[in-house]
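Asker: Model the full structure from these sequences, guided by the hints.
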Amino acid sequence: MKRALITGIAGQDGSYLAEFLLAKGYDVFGLVLRDEPLRWIDPIKDRLILMEGDLRNQKSLDHAVRQALPDEVYHLGALPFVAISWKQPVLTADVNALGTTRLLEALRSITPHARIYHASTSEMFGLTEEIQTEEGLFHPRNPYSISKCYSHWIAVNYRESYDMYVCCGIMFNHESPRRGENFVTRKIARGVVDIKEGKQDCLYLGNLDVWRDWGYASEYVEVMWLMLQQDAPDDYIISTGEVHTVREFLEEAFCVVGLDAERNGKKGIEEAYIRKDNGQAVVRISPEFFRPVELTVLRGSNSKAKGKLKWEPKTRFRELVRIMVDYEMQNTRPTQSIREVKRR
Numbered sequence: 001m002k003r004a005l006i007t008g009i010a011g012q013d014g015s016y017l018a019e020f021l022l023a024k025g026y027d028v029f030g031l032v033l034r035d036e037p038l039r040w041i042d043p044i045k046d047r048l049i050l051m052e053g054d055l056r057n058q059k060s061l062d063h064a065v066r067q068a069l070p071d072e073v074y075h076l077g078a079l080p081f082v083a084i085s086w087k088q089p090v091l092t093a094d095v096n097a098l099g100t101t102r103l104l105e106a107l108r109s110i111t112p113h114a115r116i117y118h119a120s121t122s123e124m125f126g127l128t129e130e131i132q133t134e135e136g137l138f139h140p141r142n143p144y145s146i147s148k149c150y151s152h153w154i155a156v157n158y159r160e161s162y163d164m165y166v167c168c169g170i171m172f173n174h175e176s177p178r179r180g181e182n183f184v185t186r187k188i189a190r191g192v193v194d195i196k197e198g199k200q201d202c203l204y205l206g207n208l209d210v211w212r213d214w215g216y217a218s219e220y221v222e223v224m225w226l227m228l229q230q231d232a233p234d235d236y237i238i239s240t241g242e243v244h245t246v247r248e249f250l251e252e253a254f255c256v257v258g259l260d261a262e263r264n265g266k267k268g269i270e271e272a273y274i275r276k277d278n279g280q281a282v283v284r285i286s287p288e289f290f291r292p293v294e295l296t297v298l299r300g301s302n303s304k305a306k307g308k309l310k311w312e313p314k315t316r317f318r319e320l321v322r323i324m325v326d327y328e329m330q331n332t333r334p335t336q337s338i339r340e341v342k343r344r
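Residue numbers for the sequence shown follow my numbering, beginning at 1 and rising by one.
Don't read these hints as lab results, they were simulated from the structure. Glycine residues also receive a C-beta, built at the ideal position from the N, C-alpha and C atoms. The reader is advised that the hints may include incorrect statements.
[Unchecked claim] Under the rule of at most 30 Å between Cα atoms (straight-line distance), these lysine-lysine pairs were calculated in the DSBU-like manner:
1. K266 / K276
2. K304 / K199
3. K2 / K266
4. K187 / K87
5. K267 / K187
6. K314 / K304
7. K45 / K187
[Stated by the list, open to error] If you anchor each label on the Cβ, the simulated ranges turn out as follows:
8. L33 / P89: 12 to 22 Å
9. R275 / Y162: 53 to 63 Å
10. R322 / N157: 34 to 44 Å
11. L22 / I269: 44 to 54 Å
12. I84 / T245: 16 to 26 Å
13. R275 / Y327: 17 to 27 Å
14. D277 / P89: 18 to 28 Å
15. E130 / D277: 36 to 46 Å
Answerer: Below, the structure written as structure tokens:
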């Protein structure tokens, strides 16, 4: 029976991966922060071995590795929210960049034979409108992606310097009902349902015209596992190869709940979506949700994963939106004020 260690096990990707590995008969160890919400892994918590640890604390990582003695390590733990990285750049660098180095050092000294998956990100490509491949040049444009560039290259360096089995999965946007509530896809899915049910009046968003390559997170964990089953380590892009705008996501969510709204014909912060039945604005643009530097298009080619790993995504954009909106419709919440919703 193989043993796997997952950092970030309580998050979206970690919880799906834990379920996936348990189904394959793994002993699954997970690193969690003190007082971290365990909502997504609560149904399987009794089948996991959870350990308290922090990527900022070398001793806690050493202890976790010694306890788990893993055959495979999935390093998913990070501070992932781009907007917050501008407000907390030092913390972002400490967790994402140095945290990865600390983990690699623990593995190198205790279990150098372990196969390691490192979660890299499409944000590293930054300023580009090209379809990205694994050979693409990085031009990070925010503190989060800069910290992930460091963690990506330090992972590659440990592979090349110490002959460790380290793979980097360059993950493009991947969503699910388990996405954090600060992420725009979850915010839209939740907000549109609340508006339809009369629990919320208006949803405040930022730039609606950025393009993203959105996949379904529960499918992406399989390719993480596949990377570690190969004869030799390598880096792969995980993506759908399709791009859609935030606006498309919003309008598709309207369709799912049957909310008939149209644009008011204005641009910039004056733009709004107006309900046809009562003339009320259901979406407005708020400057507080604009980033200092925006990435217009992020699109990845998954041809390498298709060719070498025989993997490709099954869930397409419209189905993904429906999955997320359907989840919100099945989970009721109390009515919120406009001020509370905008603050999110």
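Asker: Decide, hint by hint, whether the structure agrees.
Answerer: Going down the list of hints, with the structure as the test:
1. A C-alpha spacing of about 16 Å is found between K266 and K276, which places the hinted pair at or below 30 Å, so the restraint holds.
2. Of the pairs offered as hints, the one joining K304 and K199 is violated, with about 45 Å between alpha carbons and a cut-off of 30 Å exceeded.
3. A hinted pair counts as satisfied when its Cα atoms are at most 30 Å apart, and K2 with K266 does not qualify at roughly 57 Å.
4. Using a Cα cut-off of 30 Å, the hinted pair K187 and K87 holds, with the two alpha carbons roughly 20 Å apart.
5. A hinted pair counts as satisfied when its Cα atoms are at most 30 Å apart, and K267 with K187 qualifies at roughly 22 Å.
6. At most 30 Å may separate the alpha-carbon atoms for a hinted pair to count; K314 and K304 meet this at roughly 16 Å.
7. Our distance criterion of 30 Å between C-alpha atoms is met by K45 and K187, whose separation comes to about 27 Å.
8. The hint said 12 to 22 Å for the Cβ distance between L33 and P89, and at roughly 20 Å that hint holds.
9. Taking 53 to 63 Å as the suggested C-beta distance range, the pair R275 and Y162 conforms, at roughly 60 Å.
10. At roughly 42 Å, the beta-carbon separation of R322 and N157 lies within the given 34 to 44 Å, and the hint holds.
11. In this structure, L22 and I269 meet the distance hint of 44 to 54 Å, their C-beta atoms being roughly 47 Å apart.
12. For I84 and T245, the Cβ-Cβ distance of about 23 Å falls inside the hinted range of 16 to 26 Å, so the restraint holds.
13. At roughly 23 Å, the beta carbons of R275 and Y327 sit within the given window of 17 to 27 Å.
14. Between D277 and P89 the C-beta distance comes to about 45 Å, which lies outside the given range of 18 to 28 Å.
15. In this structure the hint that E130 and D277 lie 36 to 46 Å apart at CB holds, the actual value being about 43 Å.
Hint violations for this structure: numbers 2, 3 and 14, all remaining hints satisfied.
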